[in-house]
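Listed here are the chains, written in short residue letters.
Protein chains: 2
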Amino acid sequence: MVRVGIMGYGNLGKGIECALRDAKDMTLTAVFTRRSPETVSIQTAGVPVCSAEEITDWKEKLDVLILCGGSATDLPEQTKQYAKLFHVVDSFDTHAKIPEHFAAVDAAAKETGHVAMISVGWDPGMFSLNRLYAEAILPDGKHETFWGKGVSQGHSDAIRRIEGVKNAKQYTIPIEDALKKVRSGEQPELTARQKHLRECFVVAEEGADTKKIEETIKTMPNYFADYDTIVHFIDEKTFAAEHSGMAHGGFVIRSGKTGLAKEHTAVIEYSLQLDSNPEFTANVLVAYARAAMRLSADGVSGCKTVFDVPPAYLSDKSGEELRKTIL
Amino acid sequence: MVRVGIMGYGNLGKGIECALRDAKDMTLTAVFTRRSPETVSIQTAGVPVCSAEEITDWKEKLDVLILCGGSATDLPEQTKQYAKLFHVVDSFDTHAKIPEHFAAVDAAAKETGHVAMISVGWDPGMFSLNRLYAEAILPDGKHETFWGKGVSQGHSDAIRRIEGVKNAKQYTIPIEDALKKVRSGEQPELTARQKHLRECFVVAEEGADTKKIEETIKTMPNYFADYDTIVHFIDEKTFAAEHSGMAHGGFVIRSGKTGLAKEHTAVIEYSLQLDSNPEFTANVLVAYARAAMRLSADGVSGCKTVFDVPPAYLSDKSGEELRKTIL
Numbered sequence: 038m039v040r041v042g043i044m045g046y047g048n049l050g051k052g053i054e055c056a057l058r059d060a061k062d063m064t065l066t067a068v069f070t071r072r073s074p075e076t077v078s079i080q081t082a083g084v085p086v087c088s089a090e091e092i093t094d095w096k097e098k099l100d101v102l103i104l105c106g107g108s109a110t111d112l113p114e115q116t117k118q119y120a121k122l123f124h125v126v127d128s129f130d131t132h133a134k135i136p137e138h139f140a141a142v143d144a145a146a147k148e149t150g151h152v153a154m155i156s157v158g159w160d161p162g163m164f165s166l167n168r169l170y171a172e173a174i175l176p177d178g179k180h181e182t183f184w185g186k187g188v189s190q191g192h193s194d195a196i197r198r199i200e201g202v203k204n205a206k207q208y209t210i211p212i213e214d215a216l217k218k219v220r221s222g223e224q225p226e227l228t229a230r231q232k233h234l235r236e237c238f239v240v241a242e243e244g245a246d247t248k249k250i251e252e253t254i255k256t257m258p259n260y261f262a263d264y265d266t267i268v269h270f271i272d273e274k275t276f277a278a279e280h281s282g283m284a285h286g287g288f289v290i291r292s293g294k295t296g297l298a299k300e301h302t303a304v305i306e307y308s309l310q311l312d313s314n315p316e317f318t319a320n321v322l323v324a325y326a327r328a329a330m331r332l333s334a335d336g337v338s339g340c341k342t343v344f345d346v347p348p349a350y351l352s353d354k355s356g357e358e359l360r361k362t363i364l
Numbered sequence: 038m039v040r041v042g043i044m045g046y047g048n049l050g051k052g053i054e055c056a057l058r059d060a061k062d063m064t065l066t067a068v069f070t071r072r073s074p075e076t077v078s079i080q081t082a083g084v085p086v087c088s089a090e091e092i093t094d095w096k097e098k099l100d101v102l103i104l105c106g107g108s109a110t111d112l113p114e115q116t117k118q119y120a121k122l123f124h125v126v127d128s129f130d131t132h133a134k135i136p137e138h139f140a141a142v143d144a145a146a147k148e149t150g151h152v153a154m155i156s157v158g159w160d161p162g163m164f165s166l167n168r169l170y171a172e173a174i175l176p177d178g179k180h181e182t183f184w185g186k187g188v189s190q191g192h193s194d195a196i197r198r199i200e201g202v203k204n205a206k207q208y209t210i211p212i213e214d215a216l217k218k219v220r221s222g223e224q225p226e227l228t229a230r231q232k233h234l235r236e237c238f239v240v241a242e243e244g245a246d247t248k249k250i251e252e253t254i255k256t257m258p259n260y261f262a263d264y265d266t267i268v269h270f271i272d273e274k275t276f277a278a279e280h281s282g283m284a285h286g287g288f289v290i291r292s293g294k295t296g297l298a299k300e301h302t303a304v305i306e307y308s309l310q311l312d313s314n315p316e317f318t319a320n321v322l323v324a325y326a327r328a329a330m331r332l333s334a335d336g337v338s339g340c341k342t343v344f345d346v347p348p349a350y351l352s353d354k355s356g357e358e359l360r361k362t363i364l
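Respectively, the protein sequence lines represent chains A and B.
Each residue of the first sequence is one higher than the one before, counting from 38 in this note's numbering.
Each residue of the second sequence is one higher than the one before, counting from 38 in this note's numbering.
A couple of the hints might just be wrong.
Since the list can't tell identical chains apart, any single copy or any two copies may satisfy a pair.
Stated by the list, open to error - With a Cα cut of at most 35 Å, we get these calculated DSBU-like pairs of lysine-lysine:
1. K121 to K186
2. K134 to K255
3. K299 to K354
4. K203 to K98
5. K274 to K249
6. K186 to K218
7. K203 to K249
8. K354 to K203
9. K61 to K179
10. K361 to K121
11. K186 to K361
12. K186 to K255
13. K121 to K354
14. K96 to K299
15. K203 to K179
16. K186 to K61
17. K299 to K98
18. K179 to K217
19. K61 to K217
20. K354 to K147
21. K354 to K218
22. K299 to K203
23. K218 to K274
Read the hints as simulated data drawn from the structure, not as lab findings.
All of these numbers come straight from a predicted model, not from anything done at the bench.
In isolation and in its complexed conformation, chain A is listed as follows:
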């Protein structure tokens, strides 16, 4: 049994706890938190909740630590630090900073012979894999990624920082016409506005100037100015009842040309439709925790991404069984 620890017990950490129940070859061994451990109660009987500060004591008692912190400030510090103690898996998702994160984690993990899987989840993660496979198979082609319908945390936060806003949620919605064009194989050039719509649900403070809030949202550079944005003002009760979900999803579509005169079109499409974004992400992290153990058993160490992992290493079945049943 692979002994798994969870660092951070937010939505993702809770998802890991659930996901481990379906993994017959792994067991949840401890949960670590920066809060006072006695204030955190988990769903698995008999598993200790420990202070993050005690983690060094667990060096011999855990095989893999799954890091459930955020990409802005937690993971850039945690992943390289904990890769010195355990095999680790993170979901670092700041695409532009992946090379930097990779280098730092790689050095730390190699020092102690651990495997550190970074940027695991669905984007980066499964969507990246599909971009890679599709590009390798259809080199003469073009891919597009669409996100949604789902909540963008960053955009929701940006709205909440506006004066007079009490609460807000922003949904990213792929535009059907753009999806249709990409699927047709015509390889259109699409602007940000043509690919996604942004729909916002805002709870304003009493007496706030909603006209001004709406204007501020719609003209916000980077976040909203380049998109068609719809703003709805709703009351707190409606917000709580209708906008507490964590559904998400998206599409990776590549079309390419084949044939002597490039006369044929091929379209590859991968899509996800998720009631719970953090739970699905957790499931991906758990599969890659298994893979980290397999890589380590092969003598591999250092930082790895989904691109480096033989697919069979994600499964608890043997190669023989996989060839017999699903190849």
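Since the structure of chain A is provided, determine the placement of chain B on it from the hints.
Relative to the frame of chain A, chain B by itself:
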């Protein structure tokens, strides 16, 4: 430059020739045929067409041989034979006989330290990969594979063997309602009849009993009896004009449950829509020819499937470039 040979110059072999034009790191070095080489003309200037019997002379002049024969009689002999001379890639697609083929090829390839990639293409191949990834990520779930709309060679052949039939083509068509149910996450139990429809276009010989032909098709065990089958009789001119294409495609869909009480649904869908089935299959084979070279450079030998290959090995880009651009 990886020196690539093609064994067999039918639709798949021609597809490999086209696909290699998009591979900057590979070059077509020779084409082998069992026909008289002087009767075979290829599309690439300066590349020799040789008799299959001469292949041993090419031992030092080729790196990878891509096998483009059929699964019924060619590949069970060829793959294990040629794996003693080169790294090889085949598209062996008799699912039930994969374990047997794997064992024979593995022994041959290991003897001489070659890498032999078998069952590469889209099913087995990319569809298998997607069944594996989806099952590993959503262990509490169920997947379905749908094929089409596209031509089934085996079913077309079966019709052509009926007395009074001059020519025939059979299209496998996934049933929209079944797709919808599977996508909804409800995990229905579907019979063969509920998943696919079979549509046949038949050219009858003059004076043939078309009523009897139709009856024979519709009641043919294994091939048609378990399906709703539509039979059209058409003339030869229409057949040539409308049914010479090689389009195909299909869907792999898995839905699964996440959450503490399994209260959330996640749906993963992968689909292909191909104007040319053999050309797309060829593109997949070429990407795995590259991967075979990479595995060999790692010191790997023996029989491998798509399950064993790190995705990055399919790409001509470096790990650094992949992490920077598409992760």
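Going down the list of hints, with the structure as the test:
no.: 1; hint: K121 to K186; result: neither (38 Å within a copy, 52 Å between copies)
no.: 2; hint: K134 to K255; result: within (28 Å within a copy, 60 Å between copies)
no.: 3; hint: K299 to K354; result: between (40 Å within a copy, 23 Å between copies)
no.: 4; hint: K203 to K98; result: neither (44 Å within a copy, 72 Å between copies)
no.: 5; hint: K274 to K249; result: within (23 Å within a copy, 69 Å between copies)
no.: 6; hint: K186 to K218; result: both (18 Å within a copy, 20 Å between copies)
no.: 7; hint: K203 to K249; result: within (14 Å within a copy, 75 Å between copies)
no.: 8; hint: K354 to K203; result: neither (49 Å within a copy, 47 Å between copies)
no.: 9; hint: K61 to K179; result: between (40 Å within a copy, 17 Å between copies)
no.: 10; hint: K361 to K121; result: between (39 Å within a copy, 25 Å between copies)
no.: 11; hint: K186 to K361; result: between (37 Å within a copy, 26 Å between copies)
no.: 12; hint: K186 to K255; result: within (19 Å within a copy, 44 Å between copies)
no.: 13; hint: K121 to K354; result: both (29 Å within a copy, 30 Å between copies)
no.: 14; hint: K96 to K299; result: between (56 Å within a copy, 33 Å between copies)
no.: 15; hint: K203 to K179; result: neither (42 Å within a copy, 42 Å between copies)
no.: 16; hint: K186 to K61; result: within (33 Å within a copy, 38 Å between copies)
no.: 17; hint: K299 to K98; result: between (57 Å within a copy, 30 Å between copies)
no.: 18; hint: K179 to K217; result: both (15 Å within a copy, 28 Å between copies)
no.: 19; hint: K61 to K217; result: between (41 Å within a copy, 31 Å between copies)
no.: 20; hint: K354 to K147; result: both (28 Å within a copy, 23 Å between copies)
no.: 21; hint: K354 to K218; result: between (39 Å within a copy, 28 Å between copies)
no.: 22; hint: K299 to K203; result: between (55 Å within a copy, 32 Å between copies)
no.: 23; hint: K218 to K274; result: between (39 Å within a copy, 34 Å between copies)
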